[in-house]
Amino acid sequence: MYLKNLALVHFKNYEQAELEFSPRINCFVGDNGVGKTNLLDAIHYLSLTKSFFNPIDSQNIRHGEEFFVIQGDVEKDGETENLYCACRKGRKKQFKKNRKEYERLADHIGYMPVVMISPADSALITEGSDQRRKFMDSVISQYDRVYLDNLMRYNRALTQRNILLKQMSVQRQTDHAAIDLWDKQMIPLAAFIYQTRVKFIRDLMPLFREYYAMISGNEEEVELRYESQLHEEGMDELLRERREKDLAVQYTTGGVHKDDLWLGLGEHPMKRTGSQGQQKTFLVALKLAKFGFIYQVSGNLPILLLDDIFDKFDKNRVKQIIRLVSEKEFGQIFITDTNLEHLEGILKEIPADYRIFTINDTIRLISQ
Amino acid sequence: MHQYSSKLLDEAVREFSKLPGIGKKTALRLVLYLLRQDEEEVTRFGESMIRLRKEIKHCRECNNISDTDICEICANPRRDRHIVCVVESIRDVISIENTQQYNGLYHVLGGIISPMDGVGPGDLETGKLEEKIKQGAVKEMILALSTTMEGDTTNFYLYRKFHNYDIEISILARGVSFGDELEYADEITLGRSIINRQPFRGDISR
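The listed protein sequences derive, respectively, from chains A and B. Residues in the first sequence are numbered from 1 upward in steps of one, following my numbering. Residues in the second sequence are numbered from 1 upward in steps of one, following my numbering.
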């Protein structure tokens, strides 16, 4: 499966654009701020019906215009199918496959999977545990709708329980029976979420180690450890034992909403020990593992979007990554970069087919 | 602080915009519409609102909205008094009545448990239901609440409250809807339908 072409109208900084792609490697080269990443974001739209960066659709309309349209033809199993996404100010977003509108946007998810690797990934290492839970949840939800549904129900019950705890503190009255009601709802959901996450990390781990070793070319042991209070005890015990504490602090202190991923180099945490290069390698390997994982469970080869990832890597590592993703087990790839000669030099050495587009005021195909 | 040229207009718009789903602009449109009508017409409108609020009753038996002390359904001698269907509001009573498949009584809770909306178990109207169950007047209680987290929590609350009595507690079936092509059924529903499949006795219409 690959994206044959892309047409944009009034999307972000583009008034109009049309591009024909290679089924393998496509590069967008240009200075900062010319809109390279916006092209990746348009592809992200066609995959997940939304922007990677800005969740408010209307803010992705070109300044001063009323609407945007993103269109692309996908080659899948020998057939060409057309994807169409349009947003007009103040109206509902439209998403169509072969001119037929989807009843629910969620039905499109998974049709054309993408994995984006971007500088924003560093939040996984530097920011709080919510970023790492979001990483797990977003991968699992792409293939497991029951998980997504249970996660949403768990979060809803959690919100209600927390509000209840707050109300009891304000009214200085504790109604244990009322808390029990929510505990009872959360217990089976937490168990399901926990077990799914355990299995997910177990399956992801070997892929992650493999990719890390391939990119770094050395024997550093990287660790990805799922941390959860549910390792030690069940959700029912957890909620029971922490009831008094929960009442005192007015929120729920135990459960899968406290889960985290511990990211490490050997026995040391990545956040403090890892050099910038090691951290970047770690993140790229993690995202490639996500890529491999989605491929394994869905049988669909995702499109890989590499946004400005060569920024902090030395030339050898860049070569290593490009060589890796140009191998057979990867499909179509989109790369953005600022340095033309640098990129072209590497691409000339590999056997895969590639196209380079330069982007300034206009988009030009310069080599293929 | 006035936004409009008249304080009266300002006040009326503010009252309308308190209604659910009505913003400032719609409120102004509605108020200006009323101003264009005959005085009598608007008086009738206002009075019907006041009378609605002052004179409406809640059925003593089932808590449904009614003009009389006991609602038409509860007063109907042909209704099966041993079955009670528990719903959130009058809207659900109307929906189930429209199916013409149910001949028992109702009990309207007046809400479902949701701390977010300030509704706790104590705010639900369950007194009369409890009384009936304690008297042994109920053989079956059907839980017909929405399939949200709040609905399920309320289901569990009622189950815990009443499961020690000698009554049957049932819940609306959840599954593939009628006329659905399986291909288009959503995964969650279809998954549950497979897990909670039912015995087939040659005829699904029963």
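The hints are simulated quantities; they were obtained by calculation from the structure and are not laboratory data. For clarity, every value in this text was computed on a predicted model and none was experimentally measured. Heads up, the beta-carbon is just placed ideally off N, CA and C, and yes, glycines get one too. Hints should not be assumed to be uniformly reliable.
As the list claims (entries may be wrong) - Quick look at which bits of chain A chain B covers, simulated, 3 or more residues with Cβ under 8 angstroms: (1) 141-150; (2) 156-169; (3) 180-190.
To be verified - Over 10 angstroms on every C-beta distance to chain A, these chain B residues come out as not near it, computed from the model: (4) 73; (5) 187; (6) 188; (7) 193.
Taking the hints in turn, this is what the structure says about them:
1. Only when three residues or more bring their CB closer than 8 angstroms to a CB of chain B does the claim for the segment 141-150 of chain A stand; here the count is 3, and the claim holds.
2. Taking a C-beta to C-beta cut-off of 8 angstroms, the segment 156-169 of chain A contributes 8 residues in contact with chain B, enough for the three needed, and the coverage statement holds.
3. Look at the segment 180-190 of chain A against chain B: 4 of its residues bring a Cβ nearer than 8 angstroms to a Cβ of that chain, three or more, so the hint holds.
4. No beta-carbon of chain A is positioned within 10 angstroms of the beta-carbon of residue 73/B; the least distance is around 29 angstroms.
5. Once the 10 angstroms rule is applied to beta carbons, residue 187/B is inconsistent with being away from chain A; the minimum gap is 4 angstroms.
6. Against chain A, the non-interface label of residue 188/B is violated: not every CB pair exceeds 10 angstroms, the least being about 5 angstroms.
7. Chain A leaves residue 193/B outside its interface by the beta-carbon criterion, the shortest separation being 13 angstroms against a cut-off of 10 angstroms.
Comparing the model with each earlier hint shows violations of hints 5, 6; every other hint is respected.
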